[in-house]
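Chemist: Here are the chains, one letter per residue:
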Amino acid sequence: MSKSNIVSHLKQKKITEVLSTGKRMDGRAFEDFRELTIKRNILFKSEGSAEVWLGKTHVMVGVKVGTGTPFEDTPDEGVLMTNAEFTPIANAAWEPGPPNENSIELARVVDRGLRSAEILDTHELCITVGKLVQIVFVDLYVLNYDGNLIDACGAGAIAALMGAKRPTFSEGKPTGEKVPLTVRKKPIPVSVIKIGDNFILDPTADEEDVMDARLTVTFDEENHVCTMQKSGSEGLTVDEIKKCINMAQGKAPQNRVKAIGD
Amino acid sequence: MSKSNIVSHLKQKKITEVLSTGKRMDGRAFEDFRELTIKRNILFKSEGSAEVWLGKTHVMVGVKVGTGTPFEDTPDEGVLMTNAEFTPIANAAWEPGPPNENSIELARVVDRGLRSAEILDTHELCITVGKLVQIVFVDLYVLNYDGNLIDACGAGAIAALMGAKRPTFSEGKPTGEKVPLTVRKKPIPVSVIKIGDNFILDPTADEEDVMDARLTVTFDEENHVCTMQKSGSEGLTVDEIKKCINMAQGKAPQNRVKAIGD
Amino acid sequence: MSKSNIVSHLKQKKITEVLSTGKRMDGRAFEDFRELTIKRNILFKSEGSAEVWLGKTHVMVGVKVGTGTPFEDTPDEGVLMTNAEFTPIANAAWEPGPPNENSIELARVVDRGLRSAEILDTHELCITVGKLVQIVFVDLYVLNYDGNLIDACGAGAIAALMGAKRPTFSEGKPTGEKVPLTVRKKPIPVSVIKIGDNFILDPTADEEDVMDARLTVTFDEENHVCTMQKSGSEGLTVDEIKKCINMAQGKAPQNRVKAIGD
Amino acid sequence: MSKKPTTKKTAARKPTARTKKPKVDSWKRADGRAFDELRTLKIESGVLPNADGSAYIEMGRNKILAGVFGPREMHPKHNAKPNEAVLRCRYHMAPFSVDPRRSPAPSRRDQEISMVMRSALEPAVFLERYPRASIDVYIEVLEADGGTRCASINAAAVALVDAGIPMKDLVAACAVGKIEDKLIVDLGDYEDKKGQSDMPVAYMPKLGKVTLLQMDGDLSTEEAGKALELAIEGCKKVYEVQREALKKKYGIDQPQDKPQELPPAEPESEEEPQREES
Amino acid sequence: MSKKPTTKKTAARKPTARTKKPKVDSWKRADGRAFDELRTLKIESGVLPNADGSAYIEMGRNKILAGVFGPREMHPKHNAKPNEAVLRCRYHMAPFSVDPRRSPAPSRRDQEISMVMRSALEPAVFLERYPRASIDVYIEVLEADGGTRCASINAAAVALVDAGIPMKDLVAACAVGKIEDKLIVDLGDYEDKKGQSDMPVAYMPKLGKVTLLQMDGDLSTEEAGKALELAIEGCKKVYEVQREALKKKYGIDQPQDKPQELPPAEPESEEEPQREES
Amino acid sequence: MSKKPTTKKTAARKPTARTKKPKVDSWKRADGRAFDELRTLKIESGVLPNADGSAYIEMGRNKILAGVFGPREMHPKHNAKPNEAVLRCRYHMAPFSVDPRRSPAPSRRDQEISMVMRSALEPAVFLERYPRASIDVYIEVLEADGGTRCASINAAAVALVDAGIPMKDLVAACAVGKIEDKLIVDLGDYEDKKGQSDMPVAYMPKLGKVTLLQMDGDLSTEEAGKALELAIEGCKKVYEVQREALKKKYGIDQPQDKPQELPPAEPESEEEPQREES
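Protein chains in written order, with numbering that gives the first Met the number 0: chain A, 0 to 261; chain B, 0 to 261; chain C, 0 to 261; chain D, 0 to 277; chain E, 0 to 277; chain F, 0 to 277.
You may find that some hints are simply not true.
Partial list, computed: chain F residues near chain B (C-beta under 8 angstroms) [claimed, not checked]:
id : residue
1  : Arg60
2  : Asp98
3  : Glu139
4  : Tyr189
Within a straight-line C-alpha distance of at most 25 angstroms, the following computed DSS-like cross-link-like pairs (lysine-lysine) qualify [what the hints assert, rightly or not]:
id : chain 1 : residue 1 : chain 2 : residue 2
5  : C       : Lys12     : A       : Lys130
6  : B       : Lys184    : D       : Lys192
7  : B       : Lys130    : B       : Lys193
Beyond 10 angstroms from chain C on every Cβ pair, some chain E residues (computed) [said to hold, decoys possible]:
id : residue
8  : Arg28
9  : Phe68
10 : Asn82
11 : Phe95
12 : Glu142
13 : Lys225
In short, the hints are calculated from the structure, not lab data. Where is the CB? At the ideal position from N, CA and C, for every residue including glycine.
Make a model of the complete structure from these sequences and hints.
Modeler: Structure below.
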C-alpha cells in the first residue's frame with residue numbers, strides 16, 4: 000500500500016480524476032458496495048464456516064473449536080482466537096510466509112470487533128475450572144484480494160460463528176453431542192477510505208493502493224460503535240472522522256443482513 | 000542435485016559416455032554396491048548406535064529413548080521419531096541450518112520404511128496409558144556425503160535399533176533396568192537411479208548429481224515391498240519401474256545381512 | 000568489535016599513541032574507572048531493579064520472579080535465569096532482533112558469575128518438590144552503550160537482586176506476602192583490556208573497538224575468583240594474565256560498595 | 000469452495016467414473032463404490048482472478064485450490080537457473096482443513112509433499128523455454144479428505160495449462176490402496192486410515208510416464224505391479240475430467256494456442272457414467 | 000528511568016494538567032483526578048547519547064524511552080523509496096515492564112502498535128526531503144501502566160524533533176475511556192482493565208488532524224464524537240508539555256533552526272495548574 | 000567414531016600421558032589417574048574426504064569431528080573483510096551425544112562455545128594472507144564426556160593444519176579443575192559435575208600465549224595462578240599428540256611445506272608413558 004512508485008502515481012492520478020467527476024473507475028457511486036455474497040457451513044471438517052465474495056475479493060472463514068488451558072486471570076472462561084492468512088494465491092505480490100503487518104492488522108481489527116462486542120458467552124466454554132476450556136479459533140483465509148478485506152472478513156466471521164456448533168462436555172468428558180455456539184451480538188465493520196477530498200466505501204485493491212487514509216468502524220445491532228481503527232499515511236480532521244462514522248453506520252445494517260441470513 | 004550448470008553438463012556427458020560402455024566411473028558394474036560396513040553400539044550415551052560406511056558415504060545413527068505424552072488417538076502406544084541431519088562437515092556445499100528439503104526427504108523415507116513395517120511393538124513402549132509413553136528417536140547424522148544416503152541410513156537404522164536397549168518401568172517408575180527393544184521386522188531400502196537409459200545401484204554423489212530419476216524400494220524379510228519413493232525430474236514407464244523393483248529386490252537381502260550381523 | 004576497516008585503524012593509531020604517553024583519550028589513568036552510579040528499586044512492576052550508569056554506559060536491570068517446573072535432576076531447587084538485551088536505542092549499529100553473539104556472551108558471563116558464587120539459596124525457591132519452583136529472571140537491558148557492559152551489568156545484577164522481594168507460598172498457594180531474596184554472595188566482575196602493550200580498566204566503546212584482548216575476572220567478598228572469561232582476537236601470556244587478575248582484584252571491592260550501597 | 004451463486008463462470012464438471020468394462024468382482028466398499036471407481040470428481044479452471052492460472056478441485060470431499068504465477072522473474076535472483084525456468088511448488092493446508100485444527104506454520108509433511116509435487120509436475124513442463132524465470136505453483140487445501148497430494152497434482156496440472164505454460168503433457172494422479180487384501184482406487188479418508196497399503200501415483204497419459212510414485216504398507220512385488228496398473232487406469236479417468244475442464248474453458252478442440260502441447264483425447268475415453276456425491 | 004543523580008541535563012518538566020475551565024461535574028476517579036485530568040506527565044529530550052534524537056517520558060507510571068536514528072542509508076537497500084524517506088517504527092517492551100514477565104520476542108500486539116505508531120507519526124514528517132533514506136524510531140517500554148501507545152507516540156514525536164528531522168507539526172496522543180458511563184481522559188492501568196471503552200487518539204495540533212484513532216468497547220456515535228473531542232483536549236495539554244520539553248533544551252522561542260516547522264504555541268495554552276504525583 | 004575396519008588410513012595414536020617427573024603426591028582419582036594425568040587421547044587427521052582439512056579426536060570418551068573448509072569465497076559477501084580472512088566457528092552437538100537427547104537446534108551454550116573457539120583459534124592463523132575469504136571450522140560432537148570445548152579446539156587446530164592453512168602455531172587445550180580442594184587436569188564428565196571449579200585453557204606452545212581462558216567456581220588468586228600453570232602443562236602434552244597426528248600423516252619432520260609455521264618439537268617432550276583406557 001505504498002504510493003512511492005511511478006505506476007502508483009499514474010494510477011492515483013487516474014483514480015482521482017475519475018473521482019472528481021463523482022464516479023469511480025468501476026462506475027460505482029461513492030457509497031456503493033460491490034455485491035456481498037456469503038454462504039455458510041460449506042466445510043464439513045470445521046465447526047462453522049463461511050465463504051465470502053465481495054466483488055472479486057474472496058475469503059474463506061473457518062471456525063474450529065478445540066480445547067486448552069484457560070488464562071490465569073479468567074479460569075472459568077473459554078477463549079476466542081482470530082487469525083488471518085494472506086495466501087499466495089490471492090495476490091501476485093504476496094509471498095508465502097509468517098503473518099506480516101497487514102495480515103496482523105486484519106486479524107486484530109476483526110478480533111477486536113468480536114471481543115469488544117463480547118460476542119461469545121465465554122463461560123459456556125468452560126469445561127473444568129482452571130484446567131480445561133474450549134478455544135474457538137476463527138481463521139480468516141484470503142483466497143483472492145481485491146480490496147476491503149476487513150469488511151469482507153468481519154461479515155464472514157459473524158456468519159461462520161452463527162452457524163457454528165461446539166462439542167459439549169459433561170464432568171470434563173465429551174458427550175459426543177454438539178450445540179450451537181451462543182453468539183450474543185452481531186458486530187459488522189465498515190471501512191471508509193479517503194482519496195484526496197473524496198470519501199468512498201468498499202474500496203477495490205487499486206483504490207486502497209492510492210488511499211490517503213482509512214477509517215474502519217464496527218457497529219453492533221443497536222448501531223453503537225464497538226471498534227474504530229484508522230490507518231493510512233494521512234491524518235483526518237474531526238469533521239472528516241464524523242463523516243466517516245456516519246457513512247459507515249449507514250451500511251452496517253445491510254451487511255449484517257447478508258451475514259446472518261434472513 | 001541440480002543439472003543446471005555447465006560443470007554438471009560436462010560431468011553428465013562424461014558419466015553417460017562411460018555408462019554406454021557398460022561400466023561406471025569407478026569401475027563398478029551397474030548392479031554393484033560399494034563396500035557396506037556397519038559397526039554397532041559404538042556410542043555409550045545412546046541406547047543404540049550404528050556407524051555406517053558405504054564407500055566414502057559415512058553416517059552415524061543414534062537411537063535415544065526418552066519419554067513423552069502419547070498421541071490422543073493412540074493413548075497406549077509409544078512413538079517412533081526419525082530425524083536426519085546434513086552436517087556441514089559432510090559436504091562443502093552444505094550449510095549449517097534447519098532441515099532442508101533433502102534432509103526431510105531422507106528422514107521421511109527412512110521413517111516410512113520403519114513405520115510401514117511396524118517395526119516396533121509400540122504397545123511395549125507404554126508406561127501409563129494416556130499419560131506417559133516411551134519415545135524412540137532415530138537420528139541419522141551424515142558425516143560424509145558420497146551418494147546413496149537412503150540405503151546407508153536405512154540399513155544403519157535397523158542396525159542401531161536391533162542393538163538398542165530401552166529402560167523399563169514398573170507402575171510408572173523407572174526400574175533402572177534395560178531390555179532390548181523388540182524389533183519385529185528388518186526393512187531394507189535399496190535405491191535405483193536412472194541416467195539416460197541406464198539403471199544403476201548405489202550411486203555416488205556424482206552419479207546422483209546427474210540422475211534423471213530415482214526409485215527407492217524398501218523390502219522386508221519376505222521380500223515384500225514396504226515403501227516406495229520416486230524422486231528426480233524425469234518420469235518412469237511402468238516397465239522401468241518394474242525393472243527397478245526387481246533390481247532393488249535382488250540386493251535387499253545382502254544389505255540386511257550387513258545390517259543385522261551374522 | 001572488528002578492527003578491519005580504515006576508520007578503526009585510524010582510531011587504533013590515535014588511541015595507542017595517547018596510551019603510549021601513559022594517558023587515555025578521556026584523560027583517565029589506566030586504572031581509573033568512570034563514575035559508577037547505581038539506583039535501586041526504581042521500577043514498581045519488577046520484584047527488584049537497578050539502574051546503572053558507568054560513564055555514558057547506561058543499563059537497566061530488572062528482576063522478575065515467576066514460577067515453573069524444576070529441572071529433573073534438581074526437583075527441590077528454584078532456577079536463576081539471566082538474559083541480556085542490546086536495545087537498538089543503545090547504539091547506532093545495533094539492530095533489533097534475537098540475541099547475538101555479544102549479548103549472549105554478556106548474559107553468560109554475568110550468569111556464570113552469579114551461579115559460580117551460588118548467590119541464591121535455590122532451595123528456598125522450591126514451592127512443591129518436583130512440580131513447582133520459583134524462577135528468578137535477571138534481565139540486563141542496555142540503554143546506552145559506551146563500553147564495559149560486563150562490569151556495569153554485573154554490579155547492577157547484584158544491586159537488583161539484593162533489593163528484590165519474592166512472593167511466598169504456603170502449601171503450594173501464594174500467601175500474598177513478599178520477603179527479600181536471600182543473596183548469599185556479592186560477586187563483582189572487573190574487566191581488563193589490552194591494547195598493544197597497555198592494560199587498562201573500564202574501557203570505553205572506542206577502546207573496546209581496538210582492543211587486542213579482554214580478561215574479565217569476577218571476585219567474591221573474600222576476593223576469591225568466581226569466574227574468568229578471556230575474549231578478543233589476541234592471546235595473553237601467563238604473566239599478562241596474572242597482571243590482569245591483580246588489576247581487576249584491586250577494583251572489585253569499590254565497585255561492590257557502589258552496588259550494595261552503604 | 001462452493002460456487003458463488005450469482006456469477007456465471009465457465010461451468011464445472013461434476014462427473015465420474017465407474018470403469019467402462021464392469022468387472023466380475025461385485026465386492027463393494029463402505030461408500031458403495033466398486034474397487035476401481037473414483038470418488039466424485041469435479042475440476043474447474045480459471046477460478047482465481049489474480050493468478051496467472053488456477054484450478055479448483057473437489058475429489059471426494061477434498062476441496063483444493065491451485066494458483067499458478069509465472070513465468071516471472073525469479074526472486075531472489077540467485078535461485079534462478081541460466082538455462083531453464085525453476086518450478087516451485089508449495090503445498091499448504093488451511094488451519095480448518097483438518098480435525099483438530101492445525102497450526103498455519105508449514106510442517107515437515109507439507110515440505111515433503113511440496114517436493115514430490117514438484118517432481119511430479121516438472122517432467123511435463125517445457126522449463127527450457129523460460130531461462131532465469133520462476134513458475135510458482137501454490138496449493139491451498141481448504142478441506143482434506145484423504146489423497147490430498149493426488150488431488151493437488153490434478154489441480155496444479157490444470158492450473159499450469161490455464162496459465163498458458165507450454166506443457167508436454169498433462170499430469171493426472173490417483174492413489175491405490177489395499178484393504179482386506181483387495182486393491183482399490185482413490186481411497187477416502189475413512190479408507191486411508193485403516194488401509195494396509197497406500198500408493199499415490201501420478202502419470203503423464205500421452206507420454207506414458209509415471210512422475211509420482213510413493214507407497215507405504217505391505218505389497219508383494221506382484222501386487223505392487225498390479226496396483227501400479229490399477230492406479231494408472233485411475234489416472235486416465237482423472238485425465239478425462241481434466242481435459243473436460245479445459246475444454247469447457249477454451250473451446251472444444253484445443254485450449255488456445257499457447258499450451259500447444261495439450262494431448263489429444265485418448266481413444267478409450269468415450270463413455271463416463273455420472274455419479275452424484277452422496 | 001530515574002535521574003542519574005550527578006549529571007546536570009536539560010531539566011525535566013513534571014507538571015500537569017487540570018483543565019483550565021473547571022467543569023461543573025465534580026465526580027472523581029479512583030486516584031482523585033477529574034474526568035478530564037491527565038496523569039502526571041514528564042517529558043525530557045536528548046537523554047540518549049548515542050541516538051540522533053531521543054526522549055524519555057513518564058505518563059503516570061509508564062516509563063518509556065524513544066530513540067531516533069536517521070535520516071540514514073536504508074538497510075536493506077531494496078526497502079528504500081526513490082522519492083521519500085521511509086519511517087520505521089519498532090515498539091518493544093522490556094521483559095520486566097509488565098507482570099508477569101514477558102518474553103523478549105516481539106508479540107503480535109507489538110507489531111500492531113509499531114504499525115499504528117508509524118501511521119500516527121508519518122503525516123507529521125517531511126519524508127520527501129530525504130529520498131532513499133530511513134528514519135528509525137525505536138521505543139523501549141521500561142514500565143507499562145496503561146496507555147503505552149499514546150505515551151510512546153508522545154516521546155517519539157519529541158525525539159524526532161530532537162533528531163533535527165523537519166516536521167510539519169508535533170504529534171500529541173491521549174486516550175479517552177468510558178467507566179461507569181462517564182468519559183474520562185488518560186486511563187491508568189487500573190482503569191484500562193475495567194473500562195467499558197478505550198479510545199487512543201493522536202493529534203497534530205497545528206494542522207488539526209487526527210493521525211491515530213482506535214477504539215474498543217461500546218459507544219453511541221454521539222458518545223464517540225464527544226470522546227474524540229475530549230481526547231483532542233487531552234492531546235493539546237500533552238502538546239504543551241512536549242513544547243516545554245523542547246524549549247528547555249533548545250531555547251525559549253524556537254528549537255534551533257533545523258526543525259523549522261515546530262508550531263508556535265496555541266493561544267489556549269496559557270495556564271497549567273501543576274499536579275504532583277501521588 | 001570407531002575405525003572403519005577395512006580401510007588403511009594414516010594410523011591413529013592412542014597414547015598418553017603421565018607427567019614425566021612423577022610428583023610425590025600419590026592421591027588418585029576415581030578412574031585411577033594421577034592429578035596431572037590426561038585421559039586417553041587419540042587424534043587422527045584427514046578423516047573427512049569432503050573437507051579441506053579434518054581431524055577426529057577421542058579425549059576420554061569424547062568423540063568429536065572437526066572439518067575445515069576454506070580459504071573460500073565468503074558467503075554472504077558483506078561479511079567479508081577487505082584486509083583479512085574471517086574465521087568462522089560452529090560448535091554443534093549431535094542429538095544423541097548427551098543424555099537425555101537434545102534438540103538439534105543450536106543452544107545459547109553452543110553459540111557461546113562457537114565464539115570462544117573462534118577467539119582461541121584466531122591468534123594462531125595468518126588471516127591476513129586471505130583477504131575477503133572465509134575459513135569455516137565446523138565441530139560435530141558425536142559423544143560428550145566433559146571438556147568438549149577443549150577437545151574441539153584440539154581437533155580444530157589439527158584440522159586447520161590439515162587444510163593447509165598457514166599457522167603461526169598450533170593451539171592445544173586442556174581444562175584444570177578443583178575437587179576436594181585438589182587441582183586436577185582434564186576432568187571427565189563425572190568429575191566435571193561435582194567439581195568445585197573448572198578452568199578450560201587453550202595455549203599456543205611456541206608463542207607461549209593463552210588464547211582461551213574461562214573459569215567457574217571458587218579459586219584464590221594463588222590457586223588460579225597454579226591452575227593456569229597446570230593447565231598449560233596439560234596443553235603441552237596435548238600438543239605432542241597433535242604433532243604426532245600430523246607427523247603420521249605428513250612425514251616425520253615437518254607436515255608439508257604449506258603450513259610452514261608448524262612449530263618444532265618442544266625439548267621437554269621426549270617420554271610419554273602410555274596409558275590404556277579403563
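Chemist: All hints are to be evaluated individually against the structure, with a verdict given for each.
Modeler: Checked hints:
Restraint check, Arg60 of chain F versus chain B: the minimum CB separation of about 6 angstroms is within 8 angstroms; hint holds. For Asp98 of chain F, the interface hint holds, since its Cβ comes within 8 angstroms of a Cβ in chain B; the closest pair sits about 5 angstroms apart. The interface hint given for Glu139 of chain F holds, since its Cβ lies 5 angstroms from the closest Cβ of chain B, which is under the 8 angstroms cut-off. Given the 8 angstroms rule on beta carbons, the hint for Tyr189 of chain F is violated: about 13 angstroms separates it from the nearest Cβ of chain B.
Proposed proximity of Lys12 of chain C and Lys130 of chain A is contradicted: the alpha carbons are some 65 angstroms apart, above 25 angstroms. A C-alpha spacing of about 21 angstroms is found between Lys184 of chain B and Lys192 of chain D, which places the hinted pair at or below 25 angstroms, so the restraint holds. Of the supplied pair hints, the one linking Lys130 of chain B and Lys193 of chain B is violated, its CA atoms being roughly 48 angstroms apart against a limit of 25 angstroms. No Cβ of chain C comes within 10 angstroms of the Cβ of Arg28 of chain E; the nearest lies about 20 angstroms off, and the non-interface call holds.
Remark: the non-interface label on Phe68 of chain E conflicts with the geometry, its nearest Cβ contact in chain C lying 6 angstroms away (cut-off 10 angstroms). In this structure Asn82 of chain E is separated from chain C by more than 10 angstroms, as the shortest Cβ-Cβ distance comes to about 25 angstroms. Residue placement check: Phe95 of chain E does not keep its beta carbon more than 10 angstroms from all beta carbons of chain C (closest about 3 angstroms). For Glu142 of chain E, the requirement that its beta carbon stay farther than 10 angstroms from each beta carbon of chain C is not met, with the minimum near 5 angstroms.
With a minimum CB-CB distance of about 33 angstroms to chain C, Lys225 of chain E clears the 10 angstroms threshold, and the non-interface call stands.
The structure fails hints 4, 5, 7, 9, 11, 12 (numbered hints given earlier, in ascending order).
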